[in-house]
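Peer 1: What follows is each chain in one-letter form.
Number of protein chains: 2
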Amino acid sequence: MAELTRDTVDYALTQVRAALDRNNVQEAIAALERLKQDEQVEVFDELDVEDQVELLPRLDPETAAEIVVELDAEDQADIAERVDDQTLSRILDEMEPDDAADVIGELPEERQARVLAGMEEADDVRPLLIHPDESAGGLMTTSFLTLRPGMTAQEAIDALREWNPDDEMPYYLFVVDRERRLVGVVSLRQLLVASPNRLISSIMNPDVISVPAGADQEEVANLMKKYDFLALPVVDANNRLLGIITVDDVVDVIEAEATEDVYRLGGVPDEERVFSPLSFSLKRRLPWLYINLLTAFLAAAVVSLFEGTIERVGILAAMQGIVAGMGGNAATQRITILVRGLALSEVELKHALPVISKEALLGLLQGIAIAIVVGVGVAFWQQSAVLGWIVALAMVGNLVVAGLAGAGVPFLLKLLRIDPALASSVIVTTFTDCCGFAFALGLGTLLIAYLPI
Amino acid sequence: MAELTRDTVDYALTQVRAALDRNNVQEAIAALERLKQDEQVEVFDELDVEDQVELLPRLDPETAAEIVVELDAEDQADIAERVDDQTLSRILDEMEPDDAADVIGELPEERQARVLAGMEEADDVRPLLIHPDESAGGLMTTSFLTLRPGMTAQEAIDALREWNPDDEMPYYLFVVDRERRLVGVVSLRQLLVASPNRLISSIMNPDVISVPAGADQEEVANLMKKYDFLALPVVDANNRLLGIITVDDVVDVIEAEATEDVYRLGGVPDEERVFSPLSFSLKRRLPWLYINLLTAFLAAAVVSLFEGTIERVGILAAMQGIVAGMGGNAATQRITILVRGLALSEVELKHALPVISKEALLGLLQGIAIAIVVGVGVAFWQQSAVLGWIVALAMVGNLVVAGLAGAGVPFLLKLLRIDPALASSVIVTTFTDCCGFAFALGLGTLLIAYLPI
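Taken in sequence, the protein lines are chains A and B.
All residue numbers for the first sequence refer to this note's numbering, where the first residue is 1 and numbers rise by one.
All residue numbers for the second sequence refer to this note's numbering, where the first residue is 1 and numbers rise by one.
Okay, chain A solo, but in the shape it has when bound (with noise of 0.2 Å):
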């Protein structure tokens, strides 16, 4: 299935540019307008931005939103910047307004206030504009309806009815007092198997659990994944409720949040995707490889103070890169498991110190067990059975660095409030490179008398 509809897009795609090139916008709306929703949208994904607002303007506002909103954050910025106030602004009425006040968010704010002025559905959208996009204030919808205790399971179904909004609605529906303070949570199925005369105050649940508008978004996703909910309500400080998060929101921040902990463990800026142009992955990932350069020299100076050795003895040259790398792998394995726990809250900074305990004993046996093997693999390569015990020694000690510092490193971080997946892994192997060059390079100093020159 997913192959057929791939043969739908590549031909409309060929359709809708052939058209283009010759001038005629018309039949290259027809042509996308003939397709499904998410075929619309791989066929726009896939326009250069010259001809995606080229069409924008004649496209349905209804669709063409239905389109903008399925973009990349990217892409939909560079369209935001090239398309028109008005279409603009026709457009974002047709969305739900946490998406509207996310395009419009990444405007300059002169032209924020001339779009919001041609909106009608404004009032909607500028209270969202103040929350950042990371917060729950951020993921919030205030598009919704809410209840009074004194409705009856009728009165509700018939405000359902005239509310009647184009296809979102929440399962839960929530309940307010005169104050607009949250006091309760009915489901559309409690609604739905109530006798009509029973008052909302007697169906619903009144222990809601709700976050407040600043709350961090990856708190929410946790909440929302804890709880299973399928929308959670967002209040300010006197509990008053200023709007709702749904669940296909969240799925998209803990996606969006995993991706950043796999880039930043991996040296990569979050806003690189595999198809990003050559300039801009030159520009993005050039500043961390000359961080990494910082920390490779500083680990070259450490081997350059063992040069008389190494001049005596080769062979250690090849050994410290054995000893500096598995430090590097060891300590890697704890940072990732470390990092993704403190990421999903499962760690958090009390269990410090028991962690670093387990992790340097851990890193204590670990280096045994390699040293034993690396120790007699040395020696029978070599013919020297003291470079093999040099070599499991420095094992042993680097490992144990390893422990310690994969451990240590990534709590320092949180508790300096440095997110542990962006810096910890360049600190950590920069303790395993000079250490491992240290180690086994200083025991080769201390023992060149019984090595093989």
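Any given hint might turn out to be false.
Since copy identity is lost for identical chains, a pair holds within one copy or between any two.
[To be verified] Quick list of in silico lysine to any residue cross-link-like pairs, SDA-like style, CA-CA up to 25 Å:
#, residue 1, residue 2
1, K225, L182
2, K36, S345
3, K226, D60
4, K414, V274
5, K358, A369
If you're looking for bench data, these hints aren't it; they were derived computationally from the structure.
Go by the hints and put chain B onto chain A.
Peer 2: Using the frame of chain A, we list chain B on its own:
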């Protein structure tokens, strides 16, 4: 709020443990039952498995089910193994069939039969056992209500009232014909606002997207994410409705798949968590370290080929590490982006050529950008322009290798149906280590006459 809960949990945990120490199971149960559900889970989770198994038969089966379902798959398996058949059957009866199937699926076959025989809801669970855990069939639940096209809205609402499940009811209801073939979907909202006499066939949307039972869970997650679905029907080859996947199950999948990616990139076996026991961590992490040790020996063998050169110009041993390390860092960045893109289906095999070309060119440009800095730096540090040139040229060469291998290996593994996250790093860094050493030391050997000795 999170902190308060934590105190409650710690206090309750002390109480439960103290009661169990005095062999007063009843008091332990009472302490547990006073807590809210999520607190119960946390307290239970921190108990030893012996204590858990002692408590379970005395807990209300519904409470027991709510607790067990929230535990890790690993803990569930430990408990299921130790608790008696009758208790297990009673607890599983209280779970959703898909959750029960996950627990039963981990038992030995003979015991599966005994436990199923003791269950009332065994017929809902049995069909789920034939599907692998990580497929659509393994994710779906078989406990759901279906509508028929000929029903009226009122009849559907009556059916809902009568069916009255405990809590879980998807927002969407699926419509099937006489042969249980999927013919449409109706949302609770549509049902709620429709006039009572309208036929389901006139309310329903006949375009239902579904997945086959064998579909991979990652595919399911991508589909639900793309369309913001709250529920997705699972069908057999004849389009007969087998079950329903709800969004809360998919949230777990998205997170689990992300964790798997993060872990595999970091060389960690999936099952480990920060609080896994020391012996478990040691056993799990060592094999990966031994694999890395093999590749470290390979790289060391490359260095050993140049022992003579190193003994004449010891500083080359410091330079080799800079060249190899930077290649590894540049490769890690692109592996990260590519592996994540492949996992999220943003990148496919057909993109291999353009992506590898882009990354190779990027590697060349990165190489030049870094070579300039590193060449000038080394030339000044070591007062040797020739040494600067050696490191600079080796750097360009190794970053091209990092570009080709870093982009090529993930695609190659994908082609061979091996998860790129699993093995890309170790293979590619073996390339960048060996080539980095060979380039730096090889050029050093060629130009040794011009180096300061």
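Peer 1: Could you work out which earlier hints the structure fails to respect and list their numbers in ascending sequence?
Peer 2: none
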